[in-house]
Structures are given as structure tokens and as C-alpha cells.
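A.B. asks: Same order as they appear, the protein sequences are chains X and R. Residue numbers are given in numbering that gives the first Met the number 0: position 50 of the first sequence equals residue 49, and the series is strictly consecutive. Residue numbers are given in numbering that gives the first Met the number 0: position 287 of the second sequence equals residue 286, and the series is strictly consecutive.
I should point out that these hints are in silico values taken from the structure, not numbers from a laboratory. The structure presented is a predicted model; accordingly, all values stated were derived computationally and were not measured. Even glycine gets a Cβ: it sits at the ideal position worked out from N, Cα and C. A couple of the hints might just be wrong.
Across the chosen pairs, the derived CB separations fall in these ranges [unchecked claim]:
{"id": "1", "chain 1": "X", "residue 1": "Asn117", "chain 2": "R", "residue 2": "Met381", "range": "15 to 23 Å"}
{"id": "2", "chain 1": "X", "residue 1": "Asp48", "chain 2": "R", "residue 2": "Gly326", "range": "34 to 42 Å"}
{"id": "3", "chain 1": "X", "residue 1": "Ile130", "chain 2": "R", "residue 2": "Lys387", "range": "25 to 33 Å"}
{"id": "4", "chain 1": "R", "residue 1": "Phe74", "chain 2": "X", "residue 2": "Asn24", "range": "51 to 59 Å"}
{"id": "5", "chain 1": "R", "residue 1": "Met381", "chain 2": "X", "residue 2": "Glu124", "range": "23 to 31 Å"}
{"id": "6", "chain 1": "R", "residue 1": "Lys387", "chain 2": "X", "residue 2": "Gln104", "range": "33 to 41 Å"}
{"id": "7", "chain 1": "R", "residue 1": "Gly163", "chain 2": "X", "residue 2": "Glu120", "range": "39 to 47 Å"}
{"id": "8", "chain 1": "R", "residue 1": "Gln72", "chain 2": "X", "residue 2": "Gly122", "range": "55 to 63 Å"}
{"id": "9", "chain 1": "R", "residue 1": "Ser342", "chain 2": "X", "residue 2": "Gln104", "range": "54 to 62 Å"}
{"id": "10", "chain 1": "X", "residue 1": "Leu81", "chain 2": "R", "residue 2": "Pro99", "range": "55 to 63 Å"}
{"id": "11", "chain 1": "X", "residue 1": "Asn117", "chain 2": "R", "residue 2": "Leu368", "range": "53 to 61 Å"}
Derived DSSO-like pairs: lysine-lysine, alpha-carbon spacing no greater than 27 Å straight-line [said to hold, decoys possible]:
{"id": "12", "chain 1": "R", "residue 1": "Lys67", "chain 2": "R", "residue 2": "Lys275"}
{"id": "13", "chain 1": "X", "residue 1": "Lys52", "chain 2": "R", "residue 2": "Lys173"}
{"id": "14", "chain 1": "R", "residue 1": "Lys170", "chain 2": "R", "residue 2": "Lys222"}
{"id": "15", "chain 1": "X", "residue 1": "Lys52", "chain 2": "R", "residue 2": "Lys387"}
{"id": "16", "chain 1": "R", "residue 1": "Lys173", "chain 2": "R", "residue 2": "Lys222"}
{"id": "17", "chain 1": "R", "residue 1": "Lys364", "chain 2": "R", "residue 2": "Lys426"}
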Amino acid sequence: MAKQLNIFVENRPGRLDAITSNLLNSGINIHAFTIQDRGDYGLMKLIVDNPNKAHLALADLGCACALKDILAISIPDKPGNLHKLTTALAENNINIIDAYGFVLQPDKTGICCMEIENLEESGAEEIVRGIGFTVLQDEELYDL
Amino acid sequence: MDVSFWDEDVETAQPETLQQIQLDRLRDIINYALKTPFYKRRLAKVGINCDDDVKSVDDLDKIPFTTKDDLRQNFPRGLLAVDMNEVVRIHSSSGTTGIPTVIYFTADDIDNWADLVARCIRATGAAAGDVFQNMMTYGLFTGGLGLHYGAERVGMTVIPIGGGNTKRQIKTMKDFQTTVVHATPSYLLHVHSAILEQGMTIDELALRKAYIGAEPHSENIRKKIEQLYNMDAYNSYGLSEMNGPGVAFECVYKAGMHIWEDAYIPEIIDPATEKKVEDGQTGEVVFTNLIRRATPLLRYRTRDLACIIPGQCECGRTHRRLSRITGRTDDMLIINGVNVFPSQIEEVVMNIPEVGTNYQIHVDKVGALDKLVVKVEIYSKMFRGDAKQLDALKGKIKDELRASIMINPAVELHEPGFLPVSEGKAKRVIDNRPQQYKD
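Could you put together the complete structure from these sequences and hints?
C.D. replies: Rendered as C-alpha cells:
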């Protein structure tokens with residue numbers, strides 16, 4: 000299952016800088032990131048080229064961080080495609096905890112990263128494949 | 000100035016008479032103390048095995064001090080001096096180490112206590128016909144019930160509304176034309192702003208007097224309350240170990256709180272050397288309770304710092320006066336009238352596995368009220384990466400703190416390494432409230 004790195008970050012100046020500089024020093028390449036705002040803190044979520052190495056580097060720094068299984072889906076960047084995905088998940092009563100998307104240029108492939116409630120038991124992966132989308136496996140996501 | 004009494008003979012008794020009452024009662028209480036395993040052992044060591052071994056009040060000096068730790072170590076029954084069949088009430092406070100302290104009362108003990116509180120109330124000029132809104136917390140805390148019984152004894156109309164619910168407090172003041180209230184000073188300030196926010200004026204109310212206590216406050220705060228409400232505010236002093244409110248109270252001259260010396264023998268000591276200091280000098284207040292047989296306490300160290308005001312009060316009472324409390328000998332915090340020890344907070348947060356090694360306690364004034372913020376670090380190894388876990392953690396810390404210290408704190412989560420590392424006595428408590436003990 001593809002991994003995303005979730006990091007607890009306080010909402011004050013300099014905290015993201017501490018994380019990015021540590022990742023830079025550890026030779027980590029960040030493919031994508033988002034921040035879930037929670038008021039006085041946030042959760043920074045990263046897709047990187049080597050999640051295990053990044054996790055260890057940040058843990059050494061004392062960061063509260065964890066690797067989280069996600070569903071990384073490759074979706075052609077066309078009208079209606081996200082809707083197709085959300086409909087399929089809704090019909091199967093699958094709950095999305097958090098999600099974000101980005102588009103790879105120049106081939107215009109959309110990547111959707113989703114945290115799913117009870118990811119493995121939910122059967123979400125099969126459902127996504129069933130509607131014709133590709134679920135990225137670990138290396139496929141890290142080697143983007 | 001109009002001076003009224005509840006028990007004029009005792010309140011104006013000459014020192015020799017007072018001392019005789021003290022001696023008689025001390026001997027009675029010694030007899031009860033000797034029925035407890037704790038004092039039987041302790042008194043035997045200083046040659047007191049029966050009341051005849053106490054010849055004068057000065058013999059009290061032989062007896063070692065009793066501390067809060069003694070109360071804890073003898074929980075629950077080591078200081079109980081009567082059969083449980085005779086106990087009609089229990090008051091208890093949460094402990095700093097999870098062990099609470101307990102005080103038992105017989106029906107006579109409650110009666111004596113109510114009588115003292117009645118004395119306090121009459122000393123301020125209040126009487127039957129007054130409507131008394133008791134805004135202090137009821138329950139195991141002695142503040143609410145203590146004044147309640149005394150006010151009923153005086154014959155006032157008592158509204159046992161308890162603490163909180165400001166809107167209802169204001170409506171009740173108006174509906175029943177309350178004349179006397181009992182509350183913490185900070186709560187009265189808070190209620191005043193709420194009155195104005197509701198577009199009401201003080202003229203719509205009938206307030207005449209306030210009894211304020213349970214938290215340290217300056218003379219300026221008292222004057223502010225008096226001006227805002229256009230009423231008299233009287234200082235009240237008590238602690239659950241000495242029954243509760245009614246230990247010392249101001250009369251109409253508001254020149255210090257009369258200690259009811261027929262019921263309590265006060266001593267002021269240097270907390271370091273344990274030697275007595277002169278009247279007028281500040282030290283730790285020590286009390287011997289002469290009127291509670293179920294749980295006798297001899298020379299109890301209150302950890303409150305104050306002095307005895309020298310000289311006579313113009314009201315004619317001979318009982319000496321206690322100054323306002325100027326501090327504590329320990330690190331106890333008083334938050335909106337509730338006593339909180341930092342160790343209680345530490346115990347709670349350190350027992351939660353998701354919390355790291357460091358924490359900090361902040362106390363601030365927000366408007367008139369105290370706000371408690373507990374800051375903790377997340378323990379990185381327990382972090383699973385989702386917001387739900389963090390919300391649950393916050394909720395858990397809040398719930399457990401509320402259960403332990405009876406206060407609703409705000410909880411802040413921080414990254415590991417953000418808070419100062421615990422090195423011996425790390426600065427765990429940051430009290431940002433302005434000059435609470437000073438004038």
C-alpha cells in the first residue's frame with residue numbers, strides 16, 4: 000500500500016522551515032504536499048521519493064510523524080472523472096477522511112491521494128480498479 | 000456605625016474569659032483527639048494521655064503541628080474520633096497525589112459551625128428579611144453549604160443557586176430582589192459585566208452586601224466591586240480543614256477579619272523555623288479547631304500567609320483580626336476560587352501515554368475570570384498520523400483534568416521539544432494574572 004508521511008506541525012512561524020530543511024539535508028525529494036489546518040496546529044502530508052528514510056530523518060529530529068496508508072489513484076485529467084470516483088466510493092459507503100489531488104505535466108495525468116477510513120477492509124482499491132482507474136503501488140508513487 | 004451581634008457576650012468577652020472558653024474546649028477536643036489512632040500516638044509522645052494533662056492553653060505549644068500530609072496519610076478514617084453512626088456529613092477535597100482529604104461532622108459540629116457563620120453574617124449587619132443568593136459552589140466544597148446553614152440560622156431567605164450560570168444568577172437577583180450575595184470576587188466582576196451586556200442597570204437590583212472569599216484579592220478589587228454594584232463587600236476566610244467559611248469574617252468596619260477565637264486558636268508562625276511571630280508580622284497561619292469533635296485538628300498548618308492585625312476593632316469585638324491572605328507557602332493555585340495543585344495536573348497528564356515528558360500550566364485573566372491552559376507535548380512514538388487521534392487526545396486530557404481538579408481547562412498540543420525540558424524545578428507554572436496577592 001502506498002505511504003504518505005503525516006507530520007504534526009504547530010501553527011507558528013518557522014515550523015515548516017524546520018521540516019523542509021531537514022528533508023533537504025536528508026536528500027529527500029518532495030513530490031506533493033498539503034496541510035490540513037486544525038487551528039493551533041496542522042497536519043502536513045507529504046508524498047516523497049523515500050517515505051521510510053524521510054520518516055526516520057524527521058523522527059530523529061523528534062518530530063511527531065507517522066506513515067499512513069493511502070489510496071493513490073491515477074486519473075486522466077478530464078471533466079467528470081473525479082465525480083466518477085466519488086460516486087463509486089459513495090455507492091459503496093466508503094468514507095474519505097482527507098484527500099487532495101495534483102496534475103502531472105506534460106502528460107496531464109491527475110493523481111488523487113485519499114485517506115480512507117478502514118482502507119484495507121473497505122475494498123476501496125478494488126472498487127477504484129473496477130471503474131477503470133489505476134491504483135498506484137508504492138514505487139509507482141515514489142518514482143513519479 | 001450600626002454594630003450588631005449574634006452572640007454579644009462571647010463576641011465581646013474579655014481575654015481572660017475567652018482563654019477560659021478556649022481551655023475548656025481544648026480539653027474537650029483533646030479527649031476526642033485521643034480517640035483517633037493518629038493523635039493518640041502523637042499526643043502520648045508529648046505526655047498528653049488525657050484532658051487533665053492539658054493545664055493551660057499554652058500547653059498547646061507542646062503538640063506538634065498537623066499538616067495536610069497527615070490528613071492524607073490517615074485517609075480515610077485515621078482522624079475520625081466518633082462512631083460513624085454519629086457522623087451526619089462528610090466534606091472532602093481532592094488530593095494533590097490522588098489521595099483526598101476528608102472531614103467528618105457530627106450533628107453538633109454542623110450546629111456549631113452554622114452558629115459561627117451566623118455570627119459572621121450578623122457582624123455585617125445582615126439579618127432576617129434579607130434575601131441571600133448563595134453563588135458559591137455547593138457539594139463537597141464547603142463554601143456553599145457553610146454559608147447556607149449560617150444564613151438559614153440567621154433567618155435570611157436563602158436561594159441556594161450555587162456557582163455558574165450567570166444569566167440565571169442575574170435573573171434570580173432581579174426576580175427575588177436579592178440583597179446579599181456570596182461569591183468569589185472574580186465571579187462578581189464577571190457577573191457585573193454580564194449585567195451591563197444584558198442592557199440592565201444596577202438600579203434594577205436590590206443588592207446591598209456581598210461576602211467575598213475563596214480566592215486572594217486586593218483591597219482595590221474589593222473597592223471596585225463596591226463601586227460597581229454600589230454595595231458593601233466583606234472579606235470571608237475559611238478552609239475545609241477548619242470546617243469551611245466562618246473561621247474569620249469582617250464586621251461593618253471592614254478592617255480585617257475577626258477570628259472567632261472561642262472556636263479556633265490562631266497562631267502565626269515562621270514557616271521555616273516554625274517559631275511563633277508577633278501580632279502584626281506575617282507568617283503561616285496555624286489553627287486549632289475547638290468545635291469539631293468528629294475530626295479534631297490540632298495546630299493545623301494552613302499554608303496561608305497572613306498576619307494578625309494588632310489592636311482593637313472599633314466594633315467592640317475582642318476577637319483578634321486576620322489580615323487578608325498575602326500568599327501561600329506552597330505552590331497551590333487558586334483558579335476561580337478552586338484550589339489546584341500543579342502536581343494534580345502533572346499526575347493526570349503524565350499518565351496519558353500519548354503525552355510526552357514536558358508540560359506547562361498557564362493561568363491568565365480573561366475579563367474577570369481566570370483561564371487555565373494546560374500545554375502538553377505529543378509523544379512522537381504514539382502518534383499515528385491522524386487528526387482524529389489528536390482530537391481524542393485533547394478530549395481525554397480535558398475530561399481527566401476536569402474529573403481531577405474540577406476545572407475545565409483549555410488544552411494545547413505541542414510538538415515534542417517545544418516546551419522547556421524538566422530539569423529539577425523546571426518552570427512548569429506560568430501565572431500571568433496581575434498581582435493577585437497585592438494591594
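A.B. asks: Just pull the numbers of the violated hints for me, sorted ascending.
C.D. replies: Checked against the structure, the hints that fail are numbers 2, 11 and 13, while the rest are satisfied.
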